[in-house]
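Student: Chains A and B, in that order, give the protein sequences.
So the first sequence is numbered by our numbering: it starts at 129 and just counts up by one.
So the second sequence is numbered by our numbering: it starts at 2 and just counts up by one.
Read the hints as simulated data drawn from the structure, not as lab findings.
Among the hints, erroneous ones may be present.
Stated by the list, open to error - Here are the simulated lysine to any residue pairs, SDA-like style, with alpha carbons at most 25 Å apart:
| no. | chain 1 | residue 1 | chain 2 | residue 2 |
| --- | --- | --- | --- | --- |
| 1 | A | K153 | B | I118 |
| 2 | B | K142 | A | K206 |
| 3 | A | K153 | B | G97 |
| 4 | A | K153 | B | I26 |
| 5 | A | K206 | B | K25 |
| 6 | B | K216 | B | I206 |
| 7 | B | K110 | B | T34 |
| 8 | A | K206 | B | Y70 |
| 9 | B | K28 | B | L204 |
| 10 | B | K25 | B | N9 |
| 11 | A | K153 | B | A91 |
| 12 | A | K206 | B | I55 |
| 13 | A | K153 | B | K216 |
| 14 | A | K206 | B | I26 |
| 15 | B | K28 | A | K206 |
| 16 | B | K28 | A | I155 |
What the hints assert, rightly or not - Here are a few chain B residues that sit away from chain A, every Cβ distance over 10 Å (derived from the structure):
| no. | residue |
| --- | --- |
| 17 | V48 |
| 18 | Y56 |
| 19 | S67 |
| 20 | L76 |
| 21 | G78 |
| 22 | M100 |
| 23 | T133 |
| 24 | Y135 |
| 25 | A143 |
| 26 | T178 |
| 27 | N212 |
A virtual CB, placed ideally from N, CA and C, is assigned to each residue, including glycine.
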Amino acid sequence: MTDPQMENEDPHELSRREFMERSIKAIGAFIGITLGVPTVGYLISPALQQQAGGWVRLGRTSEVEMGVPTLFTVTIDKTTGWVQSEIDMAYFVYTEDSVNFTVMSNICTHLGCRTHWNEAGGYILCPCHDGHFDVQGNVIAGPPPRPLKRVEFQVDANNNILIQEA
Amino acid sequence: MGLGQWLNERTGINDVYRVVLARKIPKTGWAYTLGSATLFLMVNQIVTGILLSIYYVPTPDHAWDSVNYIQNEVLFGWLIRGLHHFGASAMVILVGLHMIRVVIYGAYKYPREVTWITGVLLLIITMAFGFTGYLLPWDQKAYWATTVGTQFVGTTPVVGDWMLNVVRGGPDLSAVTLARFFGTHVWVLPAALLTVVGIHLFLVIRLGISNPPWKKNQPQLPRDETEPSA
Numbered sequence: 129m130t131d132p133q134m135e136n137e138d139p140h141e142l143s144r145r146e147f148m149e150r151s152i153k154a155i156g157a158f159i160g161i162t163l164g165v166p167t168v169g170y171l172i173s174p175a176l177q178q179q180a181g182g183w184v185r186l187g188r189t190s191e192v193e194m195g196v197p198t199l200f201t202v203t204i205d206k207t208t209g210w211v212q213s214e215i216d217m218a219y220f221v222y223t224e225d226s227v228n229f230t231v232m233s234n235i236c237t238h239l240g241c242r243t244h245w246n247e248a249g250g251y252i253l254c255p256c257h258d259g260h261f262d263v264q265g266n267v268i269a270g271p272p273p274r275p276l277k278r279v280e281f282q283v284d285a286n287n288n289i290l291i292q293e294a
Numbered sequence: 002m003g004l005g006q007w008l009n010e011r012t013g014i015n016d017v018y019r020v021v022l023a024r025k026i027p028k029t030g031w032a033y034t035l036g037s038a039t040l041f042l043m044v045n046q047i048v049t050g051i052l053l054s055i056y057y058v059p060t061p062d063h064a065w066d067s068v069n070y071i072q073n074e075v076l077f078g079w080l081i082r083g084l085h086h087f088g089a090s091a092m093v094i095l096v097g098l099h100m101i102r103v104v105i106y107g108a109y110k111y112p113r114e115v116t117w118i119t120g121v122l123l124l125i126i127t128m129a130f131g132f133t134g135y136l137l138p139w140d141q142k143a144y145w146a147t148t149v150g151t152q153f154v155g156t157t158p159v160v161g162d163w164m165l166n167v168v169r170g171g172p173d174l175s176a177v178t179l180a181r182f183f184g185t186h187v188w189v190l191p192a193a194l195l196t197v198v199g200i201h202l203f204l205v206i207r208l209g210i211s212n213p214p215w216k217k218n219q220p221q222l223p224r225d226e227t228e229p230s231a
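Can you build the whole structure from these sequences, using the hints too?
Tutor: What follows is the structure, given as structure tokens:
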């Protein structure tokens with residue numbers, strides 16, 4: 129790429145042309161890095177932002193049917209980007225003794241469809257790919273790889289079931 | 002060198018490098034770098050503009066909020082938007098200086114008239130970029146600047162009102178105005194810019210750059226020297 133006529137006689141000495149070529153490459157690399165790093169940060173930024181949610185009321189313990197996963201829906205305020213919106217989330221609450229409760233998301237662990245309780249069959253069904261879960265959310269049949277996700281909850285003094293906003 | 006040779010054998014990339022980047026030019030001065038500087042800023046505007054479009058939404062209920070989100074919430078959003086914002090001003094200034102250099106040095110003369118004409122088109126395209134981009138943040142300054150700027154169109158005799166309606170997409174500034182300014186800014190103008198820049202640069206390389214006026218008596222570089230020899 130370098131013209132032989134432009135080379136210096138001393139092969140060890142940096143020629144003007146070589147100096148310029150190296151300078152251009154160095155400056156180019158500097159600009160590339162100083163812009164490339166912020167660009168990556170800029171693009172992945174939404175994935176880095178986390179929202180700390182408060183506790184929301186799901187329902188009363190007395191509303192939970194004994195031995196049947198009972199679906200509760202709750203509206204959660206969510207800020208996505210610059211848009212504030214209300215999102216409906218649904219959770220199964222399950223109890224066998226009205227003392228110990230299990231709260232789990234109704235989002236299927238396969239590919240994120242919403243599951244529901246199938247009264248006749250006695251299982252939780254995901255309609256998308258025929259995934260079956262038992263009353264505790266364990267997989268009985270179909271493609272789901274994991275049990276339904278358990279959700280952290282607390283029961284307050286007035287017997288309200290509270291869950292943490294996700 | 003294996004890959005380079007493989008590629009060169011099939012594409013002639015080394016000749017392209019020699020003709021485009023390692024071409025010989027007369028001894029000139031810093032004034033001759035203004036075109037390259039403008040080109041550099043153009044690349045900056047394209048890259049940062051594409052990045053802004055990742056978050057920006059061109060509707061009245063989202064435009065300002067999305068820009069505010071870029072500026073204050075997105076990591077390095079202030080930097081990307083700042084580069085686009087100030088790069089735009091710098092580009093208008095550099096395009097002007099570049100043109101003044103060409104005028105003073107008489108570089109528009111034969112055989113470079115077509116280079117000059119495409120350059121004037123690029124000046125107009127750059128100004129159109131600035132005008133349409135100014136509205137996009139949809140803040141008070143943008144809104145009223147575009148109100149005034151489009152009002153000029155309305156003063157055209159006979160067809161003024163009709164043209165104003167075309168530019169605004171209605172009698173007043175609205176969602177339609179914002180959408181068409183956005184579409185113009187990110188699709189129409191870039192397509193025009195890249196086409197005309199392509200012609201402009203092809204001519205610069207084909208014709209070589211002009212000698213400075215104080216070297217009038219020196220012969221220009223023979224055309225052969227810029228031709229690929231292999």
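Student: Now tell me if each hint is right for this structure.
Tutor: Status of each hint after checking the structure:
{"no.": "1", "hint": "A/K153 / B/I118", "in the structure": "violated, 33 Å"}
{"no.": "2", "hint": "B/K142 / A/K206", "in the structure": "violated, 31 Å"}
{"no.": "3", "hint": "A/K153 / B/G97", "in the structure": "violated, 28 Å"}
{"no.": "4", "hint": "A/K153 / B/I26", "in the structure": "holds, 20 Å"}
{"no.": "5", "hint": "A/K206 / B/K25", "in the structure": "violated, 61 Å"}
{"no.": "6", "hint": "B/K216 / B/I206", "in the structure": "holds, 20 Å"}
{"no.": "7", "hint": "B/K110 / B/T34", "in the structure": "holds, 19 Å"}
{"no.": "8", "hint": "A/K206 / B/Y70", "in the structure": "holds, 16 Å"}
{"no.": "9", "hint": "B/K28 / B/L204", "in the structure": "holds, 19 Å"}
{"no.": "10", "hint": "B/K25 / B/N9", "in the structure": "holds, 21 Å"}
{"no.": "11", "hint": "A/K153 / B/A91", "in the structure": "holds, 24 Å"}
{"no.": "12", "hint": "A/K206 / B/I55", "in the structure": "holds, 21 Å"}
{"no.": "13", "hint": "A/K153 / B/K216", "in the structure": "violated, 31 Å"}
{"no.": "14", "hint": "A/K206 / B/I26", "in the structure": "violated, 60 Å"}
{"no.": "15", "hint": "B/K28 / A/K206", "in the structure": "violated, 63 Å"}
{"no.": "16", "hint": "B/K28 / A/I155", "in the structure": "holds, 23 Å"}
{"no.": "17", "hint": "V48", "in the structure": "violated, 8 Å"}
{"no.": "18", "hint": "Y56", "in the structure": "violated, 7 Å"}
{"no.": "19", "hint": "S67", "in the structure": "violated, 6 Å"}
{"no.": "20", "hint": "L76", "in the structure": "violated, 4 Å"}
{"no.": "21", "hint": "G78", "in the structure": "violated, 6 Å"}
{"no.": "22", "hint": "M100", "in the structure": "holds, 26 Å"}
{"no.": "23", "hint": "T133", "in the structure": "holds, 22 Å"}
{"no.": "24", "hint": "Y135", "in the structure": "holds, 21 Å"}
{"no.": "25", "hint": "A143", "in the structure": "holds, 17 Å"}
{"no.": "26", "hint": "T178", "in the structure": "holds, 21 Å"}
{"no.": "27", "hint": "N212", "in the structure": "holds, 20 Å"}
Hint check: violations occur at hints 1, 2, 3, 5, 13, 14, 15, 17, 18, 19, 20, 21; the rest are consistent with the structure.
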